[in-house]
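Undergrad: Sequence order for the protein chains is A and B.
Using the numbering used here, you'd call the opening residue of the first sequence number 1 and step up by one each time.
Using the numbering used here, you'd call the opening residue of the second sequence number 1001 and step up by one each time.
What the hints contain is simulated information worked out from the structure, not anything from laboratory work.
Worth double-checking, as some hints may not be accurate.
With a cut-off of at most 25 Å between alpha-carbon atoms, the simulated BS3-like pairs for lysine-lysine come out as follows [unchecked claim]:
#1 B:LYS1137 - A:LYS28
#2 B:LYS1028 - A:LYS137
#3 A:LYS76 - B:LYS1137
#4 B:LYS1228 - B:LYS1286
#5 A:LYS28 - B:LYS1228
#6 B:LYS1028 - A:LYS228
Pairwise CB distance ranges, derived in the manner of DEER restraints [as the list claims (entries may be wrong)]:
#7 A:ASP204 - B:TRP1423: 18 to 26 Å
#8 A:GLN70 - B:ARG1063: 15 to 23 Å
#9 B:ARG1023 - A:PRO73: 43 to 51 Å
#10 B:ARG1023 - A:GLN70: 54 to 62 Å
In silico contact screen, one side only, chain B against chain A (beta carbon under 8 Å); selected entries [as the list claims (entries may be wrong)]:
#11 THR1064
#12 LEU1196
#13 TRP1423
Beta carbons are placed, not taken as given, at the ideal position from N, Cα and C, and that holds for glycine.
So the chains spell out like this:
2 protein chains.
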Amino acid sequence: MGKRQRITLRQDQRLAGSEGLDRRLFLKRGLVLGSVAALGPSFKVHAEPDREAFPTWMREPGRTFSNYGQPSPHEKHAIRWISANPLAEGNGVSWTPLHDLAGMITPNSLHFERHHNGVPAIDPQQHRLQIDGLVRKPLIFSLQALLRYPRVSRLCFIECGGNSNAGWRPRPIQSRIGYFHGLVSCSEWTGVPLSLLLQEAGIDARAGWLIAEGADAAGISVSLPLAKALDDVIVALYQNGERIRPENGYPMRLVVPGWEGIVNVKWLRRLKLVSEPLMSRYETAKYTDLLPNGKARQFSFQMEAKSLITYPSPGFDLPEHGLYEIRGIAWSGAGRISRVDVSVDGGESWTAAELQGPVLPACLTRFRLPWRWRGQQAILLSRAVDESGYVQPTRQSLIEARGEHGYYHYNAMVSWQVSVKGWVSHVYV
Amino acid sequence: MGKRQRITLRQDQRLAGSEGLDRRLFLKRGLVLGSVAALGPSFKVHAEPDREAFPTWMREPGRTFSNYGQPSPHEKHAIRWISANPLAEGNGVSWTPLHDLAGMITPNSLHFERHHNGVPAIDPQQHRLQIDGLVRKPLIFSLQALLRYPRVSRLCFIECGGNSNAGWRPRPIQSRIGYFHGLVSCSEWTGVPLSLLLQEAGIDARAGWLIAEGADAAGISVSLPLAKALDDVIVALYQNGERIRPENGYPMRLVVPGWEGIVNVKWLRRLKLVSEPLMSRYETAKYTDLLPNGKARQFSFQMEAKSLITYPSPGFDLPEHGLYEIRGIAWSGAGRISRVDVSVDGGESWTAAELQGPVLPACLTRFRLPWRWRGQQAILLSRAVDESGYVQPTRQSLIEARGEHGYYHYNAMVSWQVSVKGWVSHVYV
Chain A
1 MGKRQRITLR QDQRLAGSEG LDRRLFLKRG LVLGSVAALG PSFKVHAEPD
51 REAFPTWMRE PGRTFSNYGQ PSPHEKHAIR WISANPLAEG NGVSWTPLHD
101 LAGMITPNSL HFERHHNGVP AIDPQQHRLQ IDGLVRKPLI FSLQALLRYP
151 RVSRLCFIEC GGNSNAGWRP RPIQSRIGYF HGLVSCSEWT GVPLSLLLQE
201 AGIDARAGWL IAEGADAAGI SVSLPLAKAL DDVIVALYQN GERIRPENGY
251 PMRLVVPGWE GIVNVKWLRR LKLVSEPLMS RYETAKYTDL LPNGKARQFS
301 FQMEAKSLIT YPSPGFDLPE HGLYEIRGIA WSGAGRISRV DVSVDGGESW
351 TAAELQGPVL PACLTRFRLP WRWRGQQAIL LSRAVDESGY VQPTRQSLIE
401 ARGEHGYYHY NAMVSWQVSV KGWVSHVYV
Chain B
1001 MGKRQRITLR QDQRLAGSEG LDRRLFLKRG LVLGSVAALG PSFKVHAEPD
1051 REAFPTWMRE PGRTFSNYGQ PSPHEKHAIR WISANPLAEG NGVSWTPLHD
1101 LAGMITPNSL HFERHHNGVP AIDPQQHRLQ IDGLVRKPLI FSLQALLRYP
1151 RVSRLCFIEC GGNSNAGWRP RPIQSRIGYF HGLVSCSEWT GVPLSLLLQE
1201 AGIDARAGWL IAEGADAAGI SVSLPLAKAL DDVIVALYQN GERIRPENGY
1251 PMRLVVPGWE GIVNVKWLRR LKLVSEPLMS RYETAKYTDL LPNGKARQFS
1301 FQMEAKSLIT YPSPGFDLPE HGLYEIRGIA WSGAGRISRV DVSVDGGESW
1351 TAAELQGPVL PACLTRFRLP WRWRGQQAIL LSRAVDESGY VQPTRQSLIE
1401 ARGEHGYYHY NAMVSWQVSV KGWVSHVYV
């Protein structure tokens, strides 16, 4: 893939079909030969099953009920991988194992973590949320008080501004996708519309920003434009049905749909209305992008469109020639994903993938496309297009725009190479 | 509420507004007086916070990262309540604590359980799915083989056919709603379209039904019409993103959107195509409804529209006069919920509630409506209407149709009485 301009496909533009990619391939030619032949001789089809041969779990009563269920002991590998500072073990991240997951929802136990000073053990009875600054009437809310307020739900992703930052390295890293791109998770958050609380406090006409502060020992403070706060932000109390988990802000956090993780302040304790942003560490030294011209992108809150192929991906080598379903996820802070294109030839030709509904704004969206692999070397890529018309950039065009020394906000296309032996590795094209 | 005919409101029919119910009430008059005044004198608003007074969790590093998260120790009450047979402890149910939850998604750890002989400890490497009977080519699938097939997701509820059956009792039971109606849960299930597997096996023209069998020690077998199997049924491998939990069918289950729980066969091991249904215990002695005329409703698979007010509900007494948000859930196996009406006067007048989007077919749908309680005795009811035009019946009309000795498929409106003291109890109206 040579040097090329930023892609600007129109929604209605026809894509060239690619060799081996076909949406109806599974219907035309099933997997049966590949899968069933591989089962071995011990599993014959009986006209009636042989009861003697039943496994123990069909002959003995199973275990009884449980108050709070846990995964199968056979799934112990599906965990968050932890990258913490050995000198300050509450500072670091844990990754959502995207390679082990399916669907749109991230289970609460596997939602990524980013902490600056660990997970505070907050007593929900003592915790308070304070709204002050440029308001007519400062307010303090207990959790009990907030639980009486109207509730709305937001199905949305939260992504760390530093997610995928290994993409900035000069050589492609080789790791499972969860440990490369797993600082993004998607949940149904339920809580109180922030606009309602701010309206109760009475917004002073001079207020243009909101400083949000967490109750952890890192004392995270960030600035948010008031317009967004009045739009779709919520003070979330629930995560996928149950109360928010400790590592996700128990007993309450901001959820700022589509905007980078740091402003979705966890353990929320204070919202101060001000006229100008705070210029805190997290919006000056961190989460900003120093550009080649010496200027810095700051307050680039909205996460831009992104996609990646989760299968095949490094760690999932292809066992044989035949049919595979290329699968992946796409998301955009600007709204809905409108299309995801897939290439198996390094970007020379593209085919539109099928999107799993419901396709929701600022939500993970699954895509899929059947592919017949005939043993050739292949380079797999996906490119997301969102409803604003934005097209996910190539790595090269992202570097042209931002320089080679980026750290945050990496959203370029991701490429996997499939070797003639079926081995899958990360490459730059 | 006197004797009345089955309600047949048109979609566009205007509802009489009710005293104290108003969708915009929270915007007009916030909760601030009720909530903040109740906080006590120890929480004053400071121009700048007093750092000395910060709680311990803001002064000491928090705990570090975890591989698989768990709820806050302060939320230990939000568990499944177990009702098992003391003589056969794997036979019974555990209930989703609906009174503790919010939103549409039920977390996996709290999905209701219904087992007939416990949870089998299946080895996923040994487990096989067999498709046979009236097929051209019987097939056997390992889990590994199924994982290569195309995947789709279904966001849908699963409800036990026996859910809410305490409603058939002559006197209203008094319990938390989760222990009365909590045999319904809602998840994003991801797996292989069953139609694809059946097409691979080749369907014989004589086949009209499918017998599905589980790999537990109860040997559950049920019959499903082939038309539904070819429509939207999946062999689910994932639940809310991660692999299915043991108590929900690990490593695979049928998900039959909108149809009663028993046919969503867990621990799925065999699908046999046949010309006539099996007439198993679970479709003759159980999960059928003996009608007053001596005939029985059988194979009434689709769960009919239902709703209930989750707040206020028994256990949530109202602490003071003032504004409350009436909240609840509605669902229908026939498709989307098109409207939920709420009454605070025992069904004399109704107001349409707001529905939380996205409103999806065969999914839990949250509704809400602000209510100003002035201290009067009130009777709260909700009634769901689905996109087929079906209207949730009154208890009286359900009994007129089905008789007084029902056990399954109870979907009548549920009534809560609020006393002048704010106590909430279950009543029949």
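Undergrad: Now, for every hint given, state plainly whether the structure supports it.
TA: Cross-check of the supplied hints:
no.: 1; hint: B:LYS1137 - A:LYS28; result: holds, 17 Å
no.: 2; hint: B:LYS1028 - A:LYS137; result: holds, 17 Å
no.: 3; hint: A:LYS76 - B:LYS1137; result: violated, 36 Å
no.: 4; hint: B:LYS1228 - B:LYS1286; result: holds, 21 Å
no.: 5; hint: A:LYS28 - B:LYS1228; result: holds, 22 Å
no.: 6; hint: B:LYS1028 - A:LYS228; result: holds, 22 Å
no.: 7; hint: A:ASP204 - B:TRP1423: 18 to 26 Å; result: violated, 42 Å
no.: 8; hint: A:GLN70 - B:ARG1063: 15 to 23 Å; result: holds, 20 Å
no.: 9; hint: B:ARG1023 - A:PRO73: 43 to 51 Å; result: holds, 49 Å
no.: 10; hint: B:ARG1023 - A:GLN70: 54 to 62 Å; result: violated, 41 Å
no.: 11; hint: THR1064; result: holds, 4 Å
no.: 12; hint: LEU1196; result: holds, 6 Å
no.: 13; hint: TRP1423; result: violated, 17 Å
Checked against the numbered hints given earlier, the structure breaks hints 3, 7, 10 and 13 and satisfies all the rest.
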